[in-house]
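**Q** Listed below, chain by chain, are the residues.
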Amino acid sequence: MRSRAVLRVYRGDRQLGTLKSYEVETCEGMVVLDAIHQIQAKQDNELACRWNCKAGKCGSCSAEINGQPRLMCMTRMDRYQGDIIVEPLKTFPIIKDLVNDVSWNYEVNRKIKAFHPKPQQGGTLRMQQYDVDRVQEFRKCIECFLCQDVCHVLRDHNRKDVFAGPRFLVRLAGLEMHPHDVEDRLEAAKNILGTEYCNITKCCTDVCPESIRITDNAIIPLKERLVSRYYDPVAWVWRKITGKRKPV
Amino acid sequence: MFETFEHDVLVIGAGGAGLRAAIEAHAMGAHVGLLCKSLLGKAHTVMAEGGIAAALANNVAQDNWQAHFRDTMRGGKLLGNWRMAQIHAMEASARVMELEQWGAMFDRTSDGRINQRNFGGHRYPRLAHVGDRTGLEMIRSLQDHSAEQDFKVYMEFTAYRLLKDGDRISGVIGYWRETGRFALFRAKAVVLATGGIGKCWQVTSNSWEYTGDGHAMAYVAGAELIDMEFVQFHPTGMVWPPSIRGTLVTEAVRGEGGVLLNGKGERFMFRYIPAMFRGEFAENEDEAKRWLIGDKLARRPPELLTRDVISRAIVKEIKEGRGTAHGGVSLDIATQRTAEKIRSKLPSMYHQFKELGDLDITKQPMEVGPTTHYVMGGVRVDPETAQSTISGLFAAGECAGGMHGANRLGGNSLSDLLVFGRRAGASAAEYAKALNAFPNVDEQVARNLCREMLAPFDRTEGENPFAVTEALQTVMQDWVGIVRTEEELVRARKKISSLKERALHVRAGGNRQYNPGWHQALDLMNLLVGSEMVILAAIERKESRGAHTRIDFPKSESKWAKVNVTIYEKAGQMHVKQQPLPEIPEDLRKLVEGEPS
Ligand code: SF4
Ligand code: SF4
Ligand code: FES
Numbered sequence: 001m002r003s004r005a006v007l008r009v010y011r012g013d014r015q016l017g018t019l020k021s022y023e024v025e026t027c028e029g030m031v032v033l034d035a036i037h038q039i040q041a042k043q044d045n046e047l048a049c050r051w052n053c054k055a056g057k058c059g060s061c062s063a064e065i066n067g068q069p070r071l072m073c074m075t076r077m078d079r080y081q082g083d084i085i086v087e088p089l090k091t092f093p094i095i096k097d098l099v100n101d102v103s104w105n106y107e108v109n110r111k112i113k114a115f116h117p118k119p120q121q122g123g124t125l126r127m128q129q130y131d132v133d134r135v136q137e138f139r140k141c142i143e144c145f146l147c148q149d150v151c152h153v154l155r156d157h158n159r160k161d162v163f164a165g166p167r168f169l170v171r172l173a174g175l176e177m178h179p180h181d182v183e184d185r186l187e188a189a190k191n192i193l194g195t196e197y198c199n200i201t202k203c204c205t206d207v208c209p210e211s212i213r214i215t216d217n218a219i220i221p222l223k224e225r226l227v228s229r230y231y232d233p234v235a236w237v238w239r240k241i242t243g244k245r246k247p248v
Numbered sequence: 249m250f251e252t253f254e255h256d257v258l259v260i261g262a263g264g265a266g267l268r269a270a271i272e273a274h275a276m277g278a279h280v281g282l283l284c285k286s287l288l289g290k291a292h293t294v295m296a297e298g299g300i301a302a303a304l305a306n307n308v309a310q311d312n313w314q315a316h317f318r319d320t321m322r323g324g325k326l327l328g329n330w331r332m333a334q335i336h337a338m339e340a341s342a343r344v345m346e347l348e349q350w351g352a353m354f355d356r357t358s359d360g361r362i363n364q365r366n367f368g369g370h371r372y373p374r375l376a377h378v379g380d381r382t383g384l385e386m387i388r389s390l391q392d393h394s395a396e397q398d399f400k401v402y403m404e405f406t407a408y409r410l411l412k413d414g415d416r417i418s419g420v421i422g423y424w425r426e427t428g429r430f431a432l433f434r435a436k437a438v439v440l441a442t443g444g445i446g447k448c449w450q451v452t453s454n455s456w457e458y459t460g461d462g463h464a465m466a467y468v469a470g471a472e473l474i475d476m477e478f479v480q481f482h483p484t485g486m487v488w489p490p491s492i493r494g495t496l497v498t499e500a501v502r503g504e505g506g507v508l509l510n511g512k513g514e515r516f517m518f519r520y521i522p523a524m525f526r527g528e529f530a531e532n533e534d535e536a537k538r539w540l541i542g543d544k545l546a547r548r549p550p551e552l553l554t555r556d557v558i559s560r561a562i563v564k565e566i567k568e569g570r571g572t573a574h575g576g577v578s579l580d581i582a583t584q585r586t587a588e589k590i591r592s593k594l595p596s597m598y599h600q601f602k603e604l605g606d607l608d609i610t611k612q613p614m615e616v617g618p619t620t621h622y623v624m625g626g627v628r629v630d631p632e633t634a635q636s637t638i639s640g641l642f643a644a645g646e647c648a649g650g651m652h653g654a655n656r657l658g659g660n661s662l663s664d665l666l667v668f669g670r671r672a673g674a675s676a677a678e679y680a681k682a683l684n685a686f687p688n689v690d691e692q693v694a695r696n697l698c699r700e701m702l703a704p705f706d707r708t709e710g711e712n713p714f715a716v717t718e719a720l721q722t723v724m725q726d727w728v729g730i731v732r733t734e735e736e737l738v739r740a741r742k743k744i745s746s747l748k749e750r751a752l753h754v755r756a757g758g759n760r761q762y763n764p765g766w767h768q769a770l771d772l773m774n775l776l777v778g779s780e781m782v783i784l785a786a787i788e789r790k791e792s793r794g795a796h797t798r799i800d801f802p803k804s805e806s807k808w809a810k811v812n813v814t815i816y817e818k819a820g821q822m823h824v825k826q827q828p829l830p831e832i833p834e835d836l837r838k839l840v841e842g843e844p845s
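Chains as they are written, first to last, in the working numbering: chain Y, 1 to 248; chain R, 249 to 845.
Excised from the complex, chain R in its bound form (with noise of 0.2 Å):
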């Protein structure tokens, strides 16, 4: 029913973290196979575009990894894990000058070291970039590096479940999309580098592949997974045409001073400063007017906050009656650089709006509002090793939890890819040597999924798949946005159950080969998974903090900054709970809290 392989590590997902881990794995003698959903250099991560957040301080001295340490920790209104976070600011420039080595070429400062760009909740300039296709360099460099180690390829593949010998990982079966067959990878130690579950919503910026495979492969195999209540929500996706609404517009375009007006032609971000960011922002134009031109005295302007705070002022902005003739907010960055500039800072905004928009950014503003970028939340890991709960599964990238806490910082994620993608390639070789041989696969248990695969093919009657998932992605769009209530989020989890009923009943018409459907029927599945651990863990969590917006709780509680929402599998039910956040350490709890250095 299936043909078998065998590694000591398998890597599913080929973007960042899945490239960096494999390399790592690789490297430390493990023999690897790499999986990928789409073709390989195709992954999510080619579509970043504003930088790799590392504390090179080569654009301002004074940065150091303590002070990227503090924006982080900040940044995810101090739920992220602290060891995490540690770890990322310690290890991102290595990585970083790493990449370079393998051929990655970012911009340059005048003395020609890598220049490094503003970006939301970062003090200091802290991005290394090329332009705005950052994303791009660090794939295809991780891409070429790894062409030359002979560590197997697997393309267009999709993995469905993963399979255990008792409490360990022993493989994965899922299949082919070209022929439709299955295949089974039997394996020592399984990194998860998946990606996220952007696709549970209507307006996203993220692809097809993102339905969130990773978060629940690990739920249903018994992991835990922690934080699924926080979704980003990126300020300024674009909103016109129809067609185009949730694409991405880089942060960079603020980092490179664009500013947010409302209908009205106000610069509204100056009435959103945070309590906890009061002081460090720039509090009138006049100020964001002289930081703009390189005042050392004047502090960034507002539209540099974290993209929690943006994206709830722009929603705020358009529910009030302030919004632009499409129902977005104006972002502006024509009046505040040169064409040339922005050309050459912007070279990708420029061409998508120019050819998608109709619109000339140097010389009109974008309209844009609030689109499904990224999940904070993930599989619960040990900070060291990327492991999770359960032996030989890891997880690194987006698919992992604890990093970001409650929202995540511009240019943390390429990094993170980088730090902890290595991390967990490392230690699956590590666990993976010290195995003597491959653990045990019950041959039925696959076959009973290979036939759970083929389930659509044998209903002559049922639902379109695309129509189900569509109606999934309408429920999650309206009811587990970025405002939520309690009444919303238990009419949404009614909804599931009703949706989950249906997806049991969806056909897939024609034979196996390259089928959409029979592909997107199995998606579905994990879609429905991901949504109802963000509602679950939404209704949970009695409060507002980062993504999280309850109206009905709008403030953060401090009893609710000590503890991690948990998801876990028991009995085929899904169950939530509350599991204490790691202590911080002293000396730097109060980095975090104290003053800026």
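Bound-form chain Y, shown alone (with noise of 0.2 Å):
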């Protein structure tokens, strides 16, 4: 493998900013977390980034790096043959360098309400483990925020107003599929959230580094939830009847 590396990593803020060039010592194994880490202590010490567990779990050092939204922890530098550009994600505002106002998921993720038990006897949650293992899949979600970055209704037409974004309809499905859960979100997930306005392109299931099926088994189950509650006139019937949710 080679010794040296270009980056060409984004220095600015919102406003104005450039790539700047540094040349970095390579080893075996290096991460490109590990390039900028070399670049603040060495070369540039008001570089600023983002991370915290340097091993893939804690979500923090999300990038672009040569266009493709990505963990710089988990990106091995000898994928790429010449000059590697790191920025910062494009779909939140930049604060400095490759650090971006994520700020909004978190105003997002309080409009969608906690889990809330049934009442149970003796205080232990009975379940099986499939039913942990199907809302896992959700739960291990590390908020990165990489499929939030790259959904085109976000990314390309900024529709933060209408749209949650790809990461809380994972939280959303994650909580409806919880076994024990009580309360009834598809009304905030048609109005609140806008799950309508995602068209299964995918491209956030591609970039999920935890391999979370989003679109096929967070968005698409819902979606489904929704259009046999809205649409569905034996649905809309059975429910002015008895005043319940249509079993699913």
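Careful: at least some of the hints might be erroneous.
[Stated by the list, open to error] In the SDA-like style, the derived pairs of lysine to any residue whose C-alpha atoms are separated by at most 25 Å in a straight line are:
#, chain 1, residue 1, chain 2, residue 2
1, Y, 160, R, 838
2, Y, 42, R, 489
3, Y, 118, R, 276
4, Y, 118, Y, 101
5, Y, 20, R, 705
6, Y, 113, Y, 180
7, R, 400, Y, 107
8, Y, 42, Y, 81
9, Y, 111, R, 400
10, R, 400, R, 416
11, Y, 190, Y, 159
12, Y, 113, R, 399
13, Y, 42, R, 749
14, R, 602, R, 513
15, Y, 202, R, 595
16, R, 838, R, 308
17, Y, 20, R, 760
18, R, 400, Y, 103
19, Y, 42, R, 702
20, Y, 160, R, 400
21, R, 803, R, 760
The set of hints was computed from the structure by calculation and includes no laboratory data.
Got two chains here, each in a separate frame; can you build the complex from them with the hints?
**A** Set out below in structure tokens:
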């Protein structure tokens, strides 16, 4: 492997910025985050980035590497031959260099009703491993917001006013599929989180570092539920008569 | 010079302990603020892998709080605060169940209850877990639950120093990472939940946040700290490739049956069972194999000994020339479990090695060695209330001392965060309620601290703060590691004095907005305080116990079993003294020293 590499890193804020070139020494197994740290420590103390775990567990180090939304800590340098371009996420305002303002995501999160269980005896929730496995696919989300970055509804059309983005449909799906949850979030899924804005391009699934099948396993089932709640006349009549939601 | 905020209870740190404290204080009616150094949900808790220890007795009916208490005290080499260990063992189960009510989903037993896994030092399978990312599950559950409470969360704010009104806590001063502007938080009570000091070392599993901020803030404010000589080096960090050195390999690998082999392929841990645990562990490979397939008469394999014991054994194997190619030992699960089981129980380990180490852990052994992981020592607290020696200052989680004694058992950290996070939050709320007015803040003092924070910008010449940090980490790695001698510790101490001098001359360029060089310059101050505490305490304790191993005093001495080494500040100098351990009641002493029930 090569012993030196050139990184071209975005330096600037939301108004103004350029790609600045840095040459770094490389070693076996090195990841892009290592290179950024090396620059920070040896060449440019002011270069800003976020990170915490350096093991793909915290979702802090999201960036666009050669145009691809990725975790810097899980991206090996030896994937690339030429210069490596590192930029902040495009969908969120830039604070400085590789640091984005992702506060919008935290606001959206507050709009989702948290888990509330049915009352149960003895305090123990009984459930089966397959229930856990199904829901854990969604709960393993590390909130890297890479899916949010790549989703065209947010990225190209900037519809943050109406669409919560794939990350929060993932959270919603996890809550809706929890076997003990009693809340009804379909109303919110439709009117507040804007599930219908998703047109199933699957770009979010492609970039998810946790390999969550966002579109197939979270969004499509949610859309199906919405259809049967709001557009299925039989279900509508059933609900009017019984006051209950249709068993799914 | 700064904006001002007011809260009855201000919690510093938003990992498991901080979140749990904030939730509790809020539930008790206090007006709560929560400061995070990172974004919410990214704190170090997220990296915890193995599980939460609690005697739910789902897998083995004999388990109970007494057994958990006994394991914790013995694991801490009898130096833990007995009352903290007792409270922890008694309350951990309720905290786990509560987490489930807030949405956490743990792996299940066949009859649908929380499944518990084996871990080092725990006599029974005791760790509630979900695969190998229990910390994420815990922090997300707390985060989602707290999103429905209306306390205020301040993200990317670094707390710098505590403020006092006479002997009482009165607030905190610090800076927003984004803008570099200062803010003063006036508070009736402050809860420290800032985690550990792992960044003092070169090889560490800890993140950039772990610069001992809470330890240093408490120390500077005049609080006492105990047990700082006890730093846990986790036996299994990654060693190869070099850029990933130190990254944690969860103990769950061994909990699920993984074995340790030296470079010659020998399963060496059978040779290292300490006298205290003899009779409780398998004596040969055959017995260990029978345990793995569920033979109830077979005893647990020695890979499940406590972390201090295993780290020392690994160091010895390597030193005596029986290491692997890159200076580690092998951790092998591939020959013990099916590929499918490995992927389902250790998904993130599988992924981590595949992506970063080009290695398939279902087929090949991992190469591992010790990595700095956790500090047992911290702020001295009252076991019931988590209050420090300063009125109105509380501490919980890793930054508090006492609970784990000389060595922490795996899984006892996540439970510690919940149990004492909740207690600290509750006591802080009560304390705040009893105060009619906010204690005074001397704004002049606050302004001086702001000036102190800005000092690195005033220096036109000066050293790179990252270079001084690296020099410090090298000193700590080389001389204040797993095995220690007086000579090296004294040398390290001298080195720290000169590094302190250098730290006063580091410079920050550019402006105050999101400036890592400046942040590093300030964190460096705390790293130096943390390092000095460890060194002083390590020089003081002239014996070997738990995680503190002195080559020049290789034995554990009974007189040292009766004292905590305490660190405190006086006239700008760091001092050390010995304080008697609280006496354990007779019935509990018998429980700890007697045969397992
Ligand atoms: S599948 Fe839906 S949510 Fe995902 S990127 Fe496409 S439009 Fe966005
Ligand atoms: S769903 Fe995947 S891509 Fe989206 S935030 Fe979560 S982990 Fe990241
Ligand atoms: S640093 Fe945690 S995911 Fe990259």
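**Q** Next step is simple, just say for each hint if it's right about the structure.
**A** Right, here's what the structure says about each hint:
1. In summary, the hint linking residue 160/Y to residue 838/R is not supported, as the alpha carbons are separated by about 63 Å, beyond the 25 Å threshold.
2. For the proposed pair residue 42/Y and residue 489/R, the alpha carbon gap of about 21 Å is at most 25 Å, so the pair holds.
3. The suggested pairing of residue 118/Y with residue 276/R holds, with an alpha-carbon distance near 24 Å, which does not exceed 25 Å.
4. About 37 Å separates the Cα atoms of residue 118/Y and residue 101/Y, which puts this hinted pair outside 25 Å; it is violated.
5. Distance restraint check for residue 20/Y and residue 705/R: the Cα-Cα separation of roughly 24 Å lies within the 25 Å cut-off, and the hinted pair is therefore satisfied.
6. For the hint linking residue 113/Y to residue 180/Y, the alpha-carbon distance of about 14 Å falls within 25 Å, and the restraint holds.
7. Taking the CA atoms of residue 400/R and residue 107/Y, the gap is about 13 Å. The hint holds against a cut of 25 Å.
8. With a CA separation close to 23 Å, the supplied pair residue 42/Y and residue 81/Y stays within the 25 Å bound.
9. For a cut-off of 25 Å, the pair hint linking residue 111/Y to residue 400/R stands: about 16 Å separates their Cα positions.
10. Distance hint between residue 400/R and residue 416/R is fulfilled; the C-alpha atoms sit about 23 Å from each other, no more than 25 Å.
11. The hinted pair formed by residue 190/Y and residue 159/Y meets the criterion: a straight-line CA distance of about 15 Å does not exceed 25 Å.
12. Distance check on the hinted pair: residue 113/Y and residue 399/R sit about 16 Å apart at the alpha-carbon level, within 25 Å; holds.
13. Restraint check for residue 42/Y and residue 749/R: satisfied, since their Cα atoms lie roughly 21 Å apart, inside the 25 Å limit.
14. Straight-line distance between C-alpha atoms of residue 602/R and residue 513/R comes to about 23 Å, which keeps the hinted pair within the 25 Å bound.
15. Distance hint between residue 202/Y and residue 595/R is fulfilled; the C-alpha atoms sit about 24 Å from each other, no more than 25 Å.
16. Straight-line distance between C-alpha atoms of residue 838/R and residue 308/R comes to about 23 Å, which keeps the hinted pair within the 25 Å bound.
17. Between residue 20/Y and residue 760/R the alpha-carbon distance is near 20 Å, which keeps this suggested pair within the 25 Å criterion.
18. The suggested pairing of residue 400/R with residue 103/Y holds, with an alpha-carbon distance near 14 Å, which does not exceed 25 Å.
19. Restraint check for residue 42/Y and residue 702/R: satisfied, since their Cα atoms lie roughly 22 Å apart, inside the 25 Å limit.
20. A hinted pair counts as satisfied when its Cα atoms are at most 25 Å apart, and residue 160/Y with residue 400/R qualifies at roughly 23 Å.
21. For the suggested pair residue 803/R and residue 760/R, the alpha carbons sit about 51 Å apart, so the restraint of at most 25 Å is broken.
In the structure shown, a violation is registered for the earlier hints numbered 1, 4, 21, in ascending order.
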